[in-house]
Amino acid sequence: MASPAGIYIHIPFCRHKCNYCDFFSKPIDEEYVRKAYTRALLKEIGFYGAKYGKNFVADSIFFGGGTPTLMEPELIDKILAAVRKSFFIAAGSEITMEGNPATVTAEKLRRYRQSGVNRLSIGAQSFDDEILSSLGRVHRAADITRTVELAREAGFDNISLDLMFAVPGQDMNQWLDSVKKALALKPQHISFYSLEIEPATVFGDMLESGALKETPAEVDREMYHRALALLDTAGFVHYEISSAALPGRECRHNLKYWDLSEYLGLGAGAYSFIRDTRYNNIDDVEMYFHTMWSQDSASLRHCNDSQAFASDCVSSCSVNSYRDSVTDYVFTALRTRRGVVFKEFSHKFKNEFWDLYSQQQAEFEKFVRAGYAEYDDRRLSLTRKGIDIASRITRLFM
Amino acid sequence: MTDKNYQQYIRNFSIIAHIDHCKSTLADRLIEKTGLVAQRDMKEQFLDNMELERERGITIKLQTTRLHYHSRDGHDYELNLIDTPGHVDFNYEVSRSLAACEGAILVVDATQGVEAQTLANVYLALDENLEILPVLNKIDLPSARPEETKQEIEEVTGLDAEDAPLISAKEGIGIEELLERIVSDIPAPSGDPHGKLKALIFDSKYDNYKGVVIYTRVFDGQVARGDVIRLMNTGKKYEVTEVGMCVPGPVPTDRLRAGEVGYICGSIKQVSDARVGDTITLESDPAAEMLPGYKKAQSMVYCGIYPAEGEKYENVKDALEKLQVNDAAFNFEPETSTALGFGFRCGFLGLLHMEIIVERLEREFGLAVITTSPSVIYRVVKTDGTVEMIQNPTNLPREQEISYIEEPMVKADIMIPKDYVGAIMELCQDRRGKMLHMEYITETRVSLHYEMPLNEVIYDFFDALKSKTRGYGSLDYEFTHYERSNVVKLDILLNKELVDAFSMIVHESKAYARGRFVCEKLKEIIPMHQFEVPIQAAIGQKVIARETVKAYRKDVIAKCYGGDISRKKKLLEKQKEGKKRMRQFGTVEVPQEAFTAVLKYDENK
Chain A
1 MASPAGIYIH IPFCRHKCNY CDFFSKPIDE EYVRKAYTRA LLKEIGFYGA
51 KYGKNFVADS IFFGGGTPTL MEPELIDKIL AAVRKSFFIA AGSEITMEGN
101 PATVTAEKLR RYRQSGVNRL SIGAQSFDDE ILSSLGRVHR AADITRTVEL
151 AREAGFDNIS LDLMFAVPGQ DMNQWLDSVK KALALKPQHI SFYSLEIEPA
201 TVFGDMLESG ALKETPAEVD REMYHRALAL LDTAGFVHYE ISSAALPGRE
251 CRHNLKYWDL SEYLGLGAGA YSFIRDTRYN NIDDVEMYFH TMWSQDSASL
301 RHCNDSQAFA SDCVSSCSVN SYRDSVTDYV FTALRTRRGV VFKEFSHKFK
351 NEFWDLYSQQ QAEFEKFVRA GYAEYDDRRL SLTRKGIDIA SRITRLFM
Chain B
1 MTDKNYQQYI RNFSIIAHID HCKSTLADRL IEKTGLVAQR DMKEQFLDNM
51 ELERERGITI KLQTTRLHYH SRDGHDYELN LIDTPGHVDF NYEVSRSLAA
101 CEGAILVVDA TQGVEAQTLA NVYLALDENL EILPVLNKID LPSARPEETK
151 QEIEEVTGLD AEDAPLISAK EGIGIEELLE RIVSDIPAPS GDPHGKLKAL
201 IFDSKYDNYK GVVIYTRVFD GQVARGDVIR LMNTGKKYEV TEVGMCVPGP
251 VPTDRLRAGE VGYICGSIKQ VSDARVGDTI TLESDPAAEM LPGYKKAQSM
301 VYCGIYPAEG EKYENVKDAL EKLQVNDAAF NFEPETSTAL GFGFRCGFLG
351 LLHMEIIVER LEREFGLAVI TTSPSVIYRV VKTDGTVEMI QNPTNLPREQ
401 EISYIEEPMV KADIMIPKDY VGAIMELCQD RRGKMLHMEY ITETRVSLHY
451 EMPLNEVIYD FFDALKSKTR GYGSLDYEFT HYERSNVVKL DILLNKELVD
501 AFSMIVHESK AYARGRFVCE KLKEIIPMHQ FEVPIQAAIG QKVIARETVK
551 AYRKDVIAKC YGGDISRKKK LLEKQKEGKK RMRQFGTVEV PQEAFTAVLK
601 YDENK
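Protein chains in written order, with the numbering used here: chain A, 1 to 398; chain B, 1 to 605.
Bear in mind the hints are in silico, worked out from the structure with no lab data behind them.
Listed next, the in silico EDC-like pairs over lysine to aspartate or glutamate satisfying Cα-Cα at most 16 angstroms (straight line):
1) A:K181 - A:E149
2) B:K570 - A:D324
3) B:K568 - A:D324
4) A:K348 - A:E262
5) A:K385 - B:D555
6) B:K574 - A:D324
7) B:K568 - A:D22
8) B:K550 - A:E218
9) B:K269 - B:D318
10) B:K576 - A:E363
11) B:K568 - A:D328
12) B:K569 - A:D328
13) B:K569 - A:D259
14) B:K568 - A:E198
15) B:K559 - A:E198
16) B:K559 - A:D22
17) B:K568 - A:E196
18) B:K269 - B:E242
19) B:K33 - B:E180
20) B:K559 - A:D220
21) A:K186 - A:E149
22) A:K366 - B:E532
Required output: the full structure, derived from the provided sequences and hints.
Shown next, in the form of structure tokens:
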């Protein structure tokens, strides 16, 4: 019962690196680099196409970044055509593109849509211009509204907005105002992230030097729960810690990360999880170019999985043990409203959940009694209150 | 050589000095000078052979060695150096080592002068009628003030220090001169090699192959391989399997004669069977009376030692047994704690002794253990007239059953530079000390004598003394008597449940401060739980201090997509590793460090 896989394509370019960003992205905005990158991507798609071919069934494609909307529509078109040619892409697949409101035009959006992109995930982050500039975003609140309107005109009927809270300096009203403005634009999906300040980012450095103060945990949690209340009222389903969608509009691609489905990551710095193996491509654009161009597709076809994964382009690779897979599953499933589904668990792992975790049950019950988690004979999940300490509960099962 | 003659060329001596005075360095120099160990084989401080001793710079176990010295008078001498431990907890061991000698070198730091520990050891040596040879060390330092120091020695000890050799153990200055003075000043042993055997045990250690190795000084008679010996205090008999000299490694000989120092093996299983201070005689021809000065090892401080989470009870027991085999002053018995499960109540000479044992468990045996608050032994007189000796706060009878409690008192001798008198008097007063008297030893040095509850000394008095005197203060104490005292049992409750491992007996006047301190400390250390955790300190039913650990607020990963899964899961796993060293008390998790943290009482906080 291999469920369809997802394909992730990383576009590591941005106009400007945001102050909180620790993803692999480069502030490069040059057409020739994008073209070269596309060529390398096509080569990689060719390799894996040769390796897996039409047996590789996917029902989601996700262009993530960086800023995928920096890409010229014809480049996206080429990439999608190559993907369709190399793998089996199911009819009705979800094809998402992440985008920055400041980088789109009506023309671009229309052509993306024509190439088959049917979902747009807009990095709105905030509807407050001051917050946006403190985050180092290149767009302004008005750009978000304009982008959503243009997307609708271009034929997009599945739009997601990303929002960010617990931003230093952001108060409760600013945050709730952003949520309300986002809802007013009638998106199908909203992601809402508590800002995590990572080291080696502008914010990370500022935090270290004392120029920045983290939002207190109580405020962070209040922002979260008050946003959830607004989303509830608007009819959204809160299906993952930081994601909510109108019924049926959950992000199919992201769900694959949380139910142990396979995904093939293409492009520099992209992560893959295939045949119990987690590996990722080197996160260096030049090295990625170099290895792709020097790679001989025959060599890839003839080696077995782990060798292929350990090719020059792969910077790290590890095969999941049984235990890894079990804990990966629990770790990711507990992020979702659906939680750990016992039948699915025993089907995947040939053991009953509570047989493997008999030692943890008593401890888990304490969380249940305190209202942090719930379970019955079919499934186990966190309550909203439990989400606040999700890691704490998840650690039990690690 | 005639029988009597050989003694003329033996010198048995100890080095007594304050802990910081490079005593061991001097021993090294003597060994080096007499050519015993090639210089390239010299490790720093040769006689301190335990890793821990080397690290802490203190001597716990004695090591004895024979030096061969060709004197300027043309004769060859056998100099037996008996090194001594240098801490207040090991006074008895020091006294027995001294009893094995005819003389002692008193090493005084020429930059610091006479310290309390030095003085205490001088008295010990005088008690044993030793010839004391004062030596001024660190003479190479610019801050050395030999003339003043000599004067101080004379004033304080009454010894003639005029001709005291000036040396630097570190630089090897004056060592030969010192060796000559040992030969000329320290008397040769006397004693009848044909008399009935009387030999003093001044140290013993356990050897995996030979059993207990007894270090001994023969006073009368002789002992040879095959003899059946009797230990006069324990009455136990053993056949001698080996006798020999310590150079410092064991070198077997035919026999040991009166005046000589060496070792005896006899398939003895436990060090406690060959207690320091006991007298060895021959079973077939026993001496009429034993040598004076024998004392049973007496534990002054007790604490619970428990296997930490994930550590096996049996492993801890094995390790404690091994330590006990080699340490007559250490004892233990099983006990249980509702909080910590199965463990051991252990008795020590003092707090340092306790710390050493715990560190050895961790270091040499690789064990993770939890220690509970140290306690002295209280004498509890009950309403029915019976008396109970209590060394575990948990066992204190109920309040209604107690008529009164007595606590052990010590006489503490403290020596400090005069500038610190105020601070130290304050400290002693705070520790319920009663001043007996105070004297100026010299213009700048003061000796304070206090009567103090042992309870107040064992926590961190020594640390406080050192920090308040910038390291110049020194302490010596000995048990004197029991005294009626208003002590109470202070309990700690976590989430309303009593955690017995935190219970302690404290003086009523200290209970509030201490209760507050422990609550504050635990608040810092106990992680947040899914519920609020009240921490309370209570005497009986009465809560005297309270803190609260707030419930969890946020512990969640906001973003987790493809690339994050491995990395963020690893993060959780790592956090989980960190949690392993937690103890579960009812519903509350307490990190193991909490147990040691509440022992470190910083009153300035």
